[in-house]
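Same order as they appear, the protein sequences are chains A and B. Residues in the first sequence are numbered from -15 upward in steps of one, following the working numbering. Residues in the second sequence are numbered from 411 upward in steps of one, following the working numbering.
Since the hints were derived computationally from the structure, they do not count as laboratory data. Cβ atoms here follow ideal geometry from the backbone N, Cα and C, with glycine treated the same way. Heads up, a few of these hints could be off.
From the structure, some residues in chain A lie toward chain B, with a derived Cβ separation under 10 Å [as the list claims (entries may be wrong)]:
| hint | residue |
| --- | --- |
| 1 | THR81 |
| 2 | GLU259 |
| 3 | HIS262 |
| 4 | TRP500 |
| 5 | SER504 |
Coverage of chain B stretches by chain A, computed from C-beta distances (three or more under 8 Å per stretch; other residues unrestricted) [as the list claims (entries may be wrong)]:
| hint | stretch |
| --- | --- |
| 6 | 460 to 470 |
| 7 | 490 to 499 |
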Amino acid sequence: MPCPRCDAEGAATAAAAAGTASRSAPAVATAEAAATWCLVGTPNVGKSSLINAIAGSQLQVGNWSGTTVEVATATTRIRGTRITLVDLPGAYALAGTSSEEDIVLPALMAHPEALIVNVVDATHLARDLTLTLELTELGRPMVVALNLVEQAVERGVGLEPSTLEAALGVPVVALPDHRRHGTGKLVDAAERAHGSAERAHGSAARACATPVALAYPDAIAEAAARLASHVVSRWHALATLAAEVPDTPAARAIAATERATLDAAGIDAFLAIAEARHRAAVDLANGATLERARRADPSERVDRWVLHPVLGPLALVAGLALTFHLTFAVSTPWIDFFGLVQEIAAGWVAALTLPPLLASFLSGALIEGVGTVVSFVPVLFVLYVLLGFLENAGILARVAYLADGVMRAIGLPGRAVLPMVLSIGCTVPAIQATRMLEERGDRLRVALALPSISCSARLPVYVLMAAAFVPAYAAVVVTGLYLLGFVVAIASALLFRRVLRTPEGSGAMELPSYRWPPASLVLRLAWARTRAFLQSAGGPILLVVSGIWLLLEITLPNGTSLFEAVARALAPLFAPLGLDDWRIVGALIPAAVAKEVAIGSMALTFVGSGEATAPLGFLAGLGALGGGLLEAARDTLTSLWGFRSGGDEVDSVLTARLSGALTTAGAMAFMVFLLLYVPCIATLAALRKAFGARWMAFSIVYQTTVAYLLAWGVYALWP
Amino acid sequence: MKPDLATGDSAPIAATAPVAGAGPACAPCCVVCPLSELGRGGCARVVSLAGAPRLQRRLMALGLRPSAELAVLRRAPGNGPLELRAGTVHLMLRACEAQDVMVEVDDPAAVRTAEFRRAPAEGAYALPTV
Chain A
-15 MPCPRCDAEG AATAAAAAGT ASRSAPAVAT AEAAATWCLV GTPNVGKSSL
35 INAIAGSQLQ VGNWSGTTVE VATATTRIRG TRITLVDLPG AYALAGTSSE
85 EDIVLPALMA HPEALIVNVV DATHLARDLT LTLELTELGR PMVVALNLVE
135 QAVERGVGLE PSTLEAALGV PVVALPDHRR HGTGKLVDAA ERAHGSAERA
185 HGSAARACAT PVALAYPDAI AEAAARLASH VVSRWHALAT LAAEVPDTPA
235 ARAIAATERA TLDAAGIDAF LAIAEARHRA AVDLANGATL ERARRADPSE
285 RVDRWVLHPV LGPLALVAGL ALTFHLTFAV STPWIDFFGL VQEIAAGWVA
335 ALTLPPLLAS FLSGALIEGV GTVVSFVPVL FVLYVLLGFL ENAGILARVA
385 YLADGVMRAI GLPGRAVLPM VLSIGCTVPA IQATRMLEER GDRLRVALAL
435 PSISCSARLP VYVLMAAAFV PAYAAVVVTG LYLLGFVVAI ASALLFRRVL
485 RTPEGSGAME LPSYRWPPAS LVLRLAWART RAFLQSAGGP ILLVVSGIWL
535 LLEITLPNGT SLFEAVARAL APLFAPLGLD DWRIVGALIP AAVAKEVAIG
585 SMALTFVGSG EATAPLGFLA GLGALGGGLL EAARDTLTSL WGFRSGGDEV
635 DSVLTARLSG ALTTAGAMAF MVFLLLYVPC IATLAALRKA FGARWMAFSI
685 VYQTTVAYLL AWGVYALWP
Chain B
411 MKPDLATGDS APIAATAPVA GAGPACAPCC VVCPLSELGR GGCARVVSLA
461 GAPRLQRRLM ALGLRPSAEL AVLRRAPGNG PLELRAGTVH LMLRACEAQD
511 VMVEVDDPAA VRTAEFRRAP AEGAYALPTV
């Protein structure tokens, strides 16, 4: 019988060569020794803390190729070896039960040479060792890193890593809480793991031995042995037998026959395998545990209040409000500061003696575009810091528990409450926040519904239009538009659930113990995620801003700008909505960058007061920059207590001219259309990054159709 | 008719302390009901799982395997999810998903709905063969 362990590497290499190679770990083909470590473990086990402790400054995040699942990587040099660490999503079992878990096994098979670093939660030893046993059956070099040992000791459970190491047959190290000192132990263990794997290859008898404690019923073991030559590892043989993973047709056919035989003998292969692993894991855990006087998890006491039927929902509302406040209040002074930088840079350009076209390109396209991209940095960074904290501290799971009942009523999982709330501020961070939903189908439905919710960029437009047309009922109209946005978002979520039939995530999830995540991890992860967004969204935003600059810049032979010609050509399309003035329709074009830009566009076309940038001296600019920096720092501190009163000044000349160009019904239709049509370019870039160009295109078409129909309805029905 | 747990027809298994993984140590006439029917504070043992295979595997991985003991710590208001403790793990489960988990309960008072507060017919729920 061929040994499944010895076959493992060759077959896995073939599988990787067949195209499963990953994007996240670049192949290193230098003389320098290189190694890849794949971190595998259950969710909340502290894998990211470990990667942060070993190589945190090099942390990068990216989506696993072809999926929306985030994988963090970092490369570092330890004892002359270049080690690439790959932090795979948390998984309870190798055969996935969610979109996130689904990539763990393919990722491991795509790195056939990698060392598996199995991070195990010492406070849930028996459960985590089940996954460890599965991993040992892959027959790969592997190390077990025991995490949270001190917490386990606090709960009355002492551990004996050496006992575990002897029973499992793979190196086991206990990670100290100050993990920097644990790296050396881990590297030693990695060397031992590779050594024992090589010895194992030399001796067939040892190689085929299963871990001491793991014993399957004879019928299962024999069936798995017969399957072994068709699959890459013992784990694959057992998983094929249990119909957990799709494998080669040949293996599947044999597995079906074997399963029929087992069924006839009254054995359910899946249950029998799971039970054998569970028993072995319990035995291993009991053997490695010193004390038995278990104390309750201190989180239970906290949860008595946090998950209380009355206090819990109150805490949820307060928590959501605080998250919203911090995300936008802390970032706003910095967005203003970057706006100031943009003005100063434009002033400097104006002071230079440049050809007019170049100067216009520099200030109108380049500085404007870069400014738009950079203006998302503060809000995204703050959001990612908060999300990283909520996720790693175990709070997000409580949000899911408290909000699930209400959110299920609109067909969304409980965690979706956070993106929904954030999108009142800005859709872009809200779409980024959907990544905390486990199932891709849920993420997609939420992300497609979010652009309908009114963000803060749309508010200035409502304020201006309402002041111009219905001054007495301005507040009612603005509130109505916000409500309409929510209604459309909820209706969209329900519609997508019926029509798209995307798989829904399970509500079964762990409520992990509360934990204080390391600040360096939260900050580094937030920065890596912000950078990843800039890299993917920066190009498209620059492109669109440049395109709109070009539209305004090009003058046609008859003296009008290309912008005016395009707007006039589009105007008849909007006549059914009561919007026949080209200046109104034209305002919708640059508003694709950010919806508030509609005001600037209308000011330019109606009033003609295109504010020319005044030339600015270099030193004066530097002075203004320093002042702005101080002001932003001061505002960040004061904003922690409350919002600064940002006055929206309404341009009286513009409102007067607007009311001449539009009827009240037309103005209502315009606001509804502006609320719902094409999401802004940054939102589209976020959608493309998360779900691909096709879903971005879908969102454009869907939102515009809904916007047109509703705006038409409002215009037709307005008294 | 409520079952008389003390003098059931079939002889009750001697009440020994349950051993981990050794299966139920309760009278054969104890109540079997969906987990969703279990009230706050109720303790039970998993009898069987149903529903989508992916959900079943997830529940097994989270610790809700046949013969595992669990306790309902609380239920979120408005038919929200249940919070359970199974072994050392705390987990949440939607009420609709809990319908697919059959559990046996020693104390019928822990069951919320009257129709489930009686012993199942002989052989209605077979224990898994493992």
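Going through the hints against the structure:
1. With its C-beta approaching chain B no nearer than about 4 Å, THR81(A) sits inside the 10 Å limit, and its interface hint holds.
2. The interface hint given for GLU259(A) holds, since its Cβ lies 5 Å from the closest Cβ of chain B, which is under the 10 Å cut-off.
3. For the restraint placing HIS262(A) at the interface with chain B, the shortest Cβ-Cβ distance is roughly 6 Å, inside the 10 Å limit, so the hint holds.
4. Using the Cβ-Cβ criterion of 10 Å, the hint placing TRP500(A) at the interface with chain B is not satisfied: the shortest such distance is roughly 18 Å.
5. Interface restraint check for SER504(A): the shortest CB-CB distance to chain B comes to about 28 Å, outside 10 Å, so the restraint is violated.
6. For the stretch 460 to 470 of chain B, the assignment as covered by chain A holds, since 6 residues bring a beta-carbon within under 8 Å of that chain's beta-carbons and 3 suffice.
7. Counting residues of the stretch 490 to 499 of chain B whose C-beta sits closer than 8 Å to any C-beta of chain A gives 6, which meets the bar of three, so the coverage hint holds.
Figure legend: structure checked against the earlier numbered hints; hints not met, in rising order: 4, 5.
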